[in-house]
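Now for the letters of each chain:
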Amino acid sequence: MKHRLVNFTRQLALMLLVIWTVVSLVTLLIEIVPGDPATVILGETATREQIENFRIKHGLDRPAFFFSYGSEKGFVWNGADNRYADYWIGLLHGDLGNSFRTDRPVRDMIFERYPSTIKLAIAAMLVAIGIALPLGVLAGSRKNTLVDNAASFFALLGISLPTFVIGPFLVYLFAVKLGWFSPTGSLYPEDIVLPAVTLGAALSAILTRMIRSSVIEELGEDYVRTARAKGVSERMVLYKHVLKNGLIPVVTILGLQLGVLLAGAIITEKIFNWQGLGLLLLEDGIGKRDYRLVQGCVLVISITFIVANSLTDFVYRKLDPRIRLS
Amino acid sequence: MSRLAYIGFAIAALFILAAIFAPLIATHDVTAQDLAMRYFSPSAEHWFGTDGLGRDVFSRVVFGARISLEVGITVVVISSIFGTVIGAVAGFYGGFVDKFLSGYIFNVFLAFPGLLLAIALVAFLGAGQGKLIAALCVIGWVGYARVMRGQVLKVREYDYVLAARALGASNMRILFTHILPNAIQPLIVQASLGMAGAVLSEASLSFLGLGIPPPSPSWGTMIEEARQYFSTSPHVLVFPGIAIALTVLAFNFIGDGLREYLDPKQRSR
Chain R
1 MKHRLVNFTR QLALMLLVIW TVVSLVTLLI EIVPGDPATV ILGETATREQ
51 IENFRIKHGL DRPAFFFSYG SEKGFVWNGA DNRYADYWIG LLHGDLGNSF
101 RTDRPVRDMI FERYPSTIKL AIAAMLVAIG IALPLGVLAG SRKNTLVDNA
151 ASFFALLGIS LPTFVIGPFL VYLFAVKLGW FSPTGSLYPE DIVLPAVTLG
201 AALSAILTRM IRSSVIEELG EDYVRTARAK GVSERMVLYK HVLKNGLIPV
251 VTILGLQLGV LLAGAIITEK IFNWQGLGLL LLEDGIGKRD YRLVQGCVLV
301 ISITFIVANS LTDFVYRKLD PRIRLS
Chain U
1001 MSRLAYIGFA IAALFILAAI FAPLIATHDV TAQDLAMRYF SPSAEHWFGT
1051 DGLGRDVFSR VVFGARISLE VGITVVVISS IFGTVIGAVA GFYGGFVDKF
1101 LSGYIFNVFL AFPGLLLAIA LVAFLGAGQG KLIAALCVIG WVGYARVMRG
1151 QVLKVREYDY VLAARALGAS NMRILFTHIL PNAIQPLIVQ ASLGMAGAVL
1201 SEASLSFLGL GIPPPSPSWG TMIEEARQYF STSPHVLVFP GIAIALTVLA
1251 FNFIGDGLRE YLDPKQRSR
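Here the protein sequences line up with chains R and U, keeping their order. Read in order, the letters of the first sequence are residues 1 to 326 in the working numbering. Read in order, the letters of the second sequence are residues 1001 to 1269 in the working numbering.
Bear in mind the hints are in silico, worked out from the structure with no lab data behind them. Warning: the hint list may mix true and false statements.
Claimed, not checked - 25 Å max Cα-Cα, derived BS3-like pairs, lysine-lysine:
1. R:K2 with U:K1099
2. U:K1131 with R:K288
3. R:K244 with R:K318
All of these numbers come straight from a predicted model, not from anything done at the bench.
Extracted from the complex, chain U is given alone in its bound form (with noise of 0.2 Å):
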């Protein structure tokens, strides 16, 4: 494997031992706020300095890691699930079903630009963490689905399929036993790039004040809050910003290492 996908596997083991181990790794909370300490450069007692409101930095990255991986996973783990299935149902049964489904309904879903669906369910739904999951889990599914129907109508060919047939298996045995071994690969660099994208609207949303709400330390929170007083005090928005960046750029590394892994025609460029 690329020596990039060895550099993303070793960025998001860092950032998930830091969600995981936040409240060891913290130096101070997250919420305490000291407002004879605010706008405080890196220093030894706050590594990353203060925010506006003298917070902690350094603790409010390393929480923020929870937040970010937190709606990640869970937004790969449900759409990937969700996407899966329909996408084998479509590729496995044609026809019909295969019409409407990837010729209507997934065209429906890449008609909206990504963020603007997410945007608009929160905007009616309002926000919080439970809704942005929903909304970014919306978007998410059609990526899974296309791979999976894709995967699906390759391999339903295959002899060997046609062998496990014709010795009476059933479809779901079919589709679990056989097809869906032979799919898993596409499925795992969609999924690495999906959390990739999931992190990033995540703070993109949160942003835009759509997201999790504050005083939760969501990289994207921090940013927005950061922005106005970037000349005097760049730090506050420089760490959640890397941190952001990081993540992402270590799950596009292991997803396009993944990528290139797997499709040996791709190997050898």
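Just chain R, with the same shape it has in the complex (with noise of 0.2 Å):
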């Protein structure tokens, strides 16, 4: 007991500290933009009073960190009075700045189109297990057979086919060819369908391959024999003892894919016009150089990366015995 709470305290302080860390780099990109930020966004006609006064509103004229270093002054102090503190201060309150561009909370924008971007990731996932589940133990269970080797050769098409290719294709088939969706994307609830399965493709390829080597090797347990020596059925050894054991390794990349298909739901928000997070950070954040709200994004995907994987450790330890115990 006391073992699992000093593990779980380490595990929550490195959490912590990949966190810091992670708001550190995020809070500091805007340091290595070329030229002056408030240039880049008045454009070159501002005046200097316009540029000022920007520069003033989001904190542009403050020192960058707590000490600077400069040919000429050597090491300054510039103590608590930084942006970096501020960024720090605001974060704490639930604010993530002011858009450069509409001046609008940051926050606000994000929380908007967090819920639609959750929504896909989660649509492909569904797709991704629904495809990989029953290849991945047909493929296993049958070992070097036509059935495996083609559904190898699936999930190897789905690992190299980038989503830009896959998505297209599909909406000519299903949208432009066949009519059974709108071409644009997100018109009707059911207009998810395309995104998620070209999200989910390559998720599927990995958790098929996942799921047969996992089969294949659990099939060589020894529980296994002694199921079969009882005169279980093949088919109750296979779904019963097989798929239970085989498939905490899955839900471990189920987790660590999360962060993928945030980042990979950019690409498919584009191809879509799918109005998430992704496309957000693309055409109003990147798009449009509102560097505030760029930082307000990486952030945002990158700590439900974080917490995301955190959470799949805790549960895989919670489902392995092996290794809760080791």
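Hey, can you piece these two chains together into the complex? The hints should help.
Below, the structure is given as structure tokens:
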């Protein structure tokens, strides 16, 4: 019990340390922008006064960090009155700053879009599981047969075909030719199918391979032989015994892949004009050089990813006693 | 080695040759526009047809191989060297150094979804081939570092390493002549999978308009430009799409094949 508490605390501490670093990196990213963000936003024609006001409004007139280093001045201590500290104070109050373009709070802009990206990611995950589970079990239980080879080929294809090739192809086939969905993306609730399949394709391929090798591995275990010797039917062996154990590593992959889905959603959202976080980052953030918004989006996606990973790790430990006890 | 690995080598060789001899293979100037020839279907004159500006798709796909492989190879070389060194240091010195590197630094870089970090870097740095390569290296090196660290930890305890140490070999000598040759195999596997990843990432970023700016014939950019007219002129998208898929597939085949070949436990399966 004590051991587990120590482990848990260590895990939590590491997560907080990583989040702290990620926030710091994202905060300081704005320093690597070539040139002055104010000039970039306001354009070459802006007056000196406009630029000055903009800088004051968004805190760009303040020093970037606790200390700075210049070739003439050397080390200068700026104290707590700096942008890095500002961003942290805001963050702890749930404030991600205001958009450089629209002046709206970045937090509001992000959380308007957040649910639709999560919805897309979950739908993609369901699609992936729906494809991978039967295919992986089929391939694994019939190792080196035609079915297995076909499933493995499908899996490699799914990994190699980029979303931006699959997406337009699906739109052409199912929206333009067959007319099952609207081609523009998100008119009706069922329009989520094409983006979800597009986003989930690569994951379904990865999962198929995982489940296959997991099933093969478990089928070689002693308990399977015991069950078979007791006269348990092959179907029961597969679905009751093998899958129960074989799916543990799959859970891990699912958790880790959530972040990949969130990042991949940026491409899928662009293809289907899906009004999620990715499109916000891409069009309103990067497209309009709204650096504050870009910071917010990158931060929210990364933190979602980190939290999902830590939760996965936790669930994994719960599921597999071998890890829990070691 | 598995049949798929040989197929992978063959396809990869084809694309590498296409990249090297691109000026000889290409039938047209890649940037030459001919607005009277927009969206022509494949023909004897234009093997893969023409795109929205009347440019020859075949020639652009051939030169696209150059960009893709140039970016991929550069990223793999830089990130593998950097990652190997960091991983070796972490595994070899152990203790606090290892805790700091593998426990903290690796985790930070793994905490970003790879593509997102590349997008963020390019968003703040600006687009361009050099910056794209830098961004992909930043997300790529951790993979090599982890593989290398694991190998060093394993090999470090082998008797012959202890023997070398007893004979008075320096750390550098042990690392380079004893440990590295033993760790090289998984690193090669990682490199070929990394190559597939880099090619895909380059195309993805270019597709998002964050990679190599037009009129350069990057496959990702070509697909982005062709997307709107897919239903009327699918060939403009399909050919660069096939090129990306084949290249990524080839390096995945090679990586998988090598891994199976090098790992006897997997070979029997």
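Status of the hints after comparison with the structure:
With a C-alpha separation of about 23 Å, the suggested pair K2 of chain R and K1099 of chain U falls inside the 25 Å cut-off, and the hint holds. For the hint linking K1131 of chain U to K288 of chain R, the alpha-carbon distance of about 20 Å falls within 25 Å, and the restraint holds. At most 25 Å may separate the alpha-carbon atoms for a hinted pair to count; K244 of chain R and K318 of chain R meet this at roughly 14 Å.
Figure legend: structure checked against the earlier numbered hints; every hint is met.
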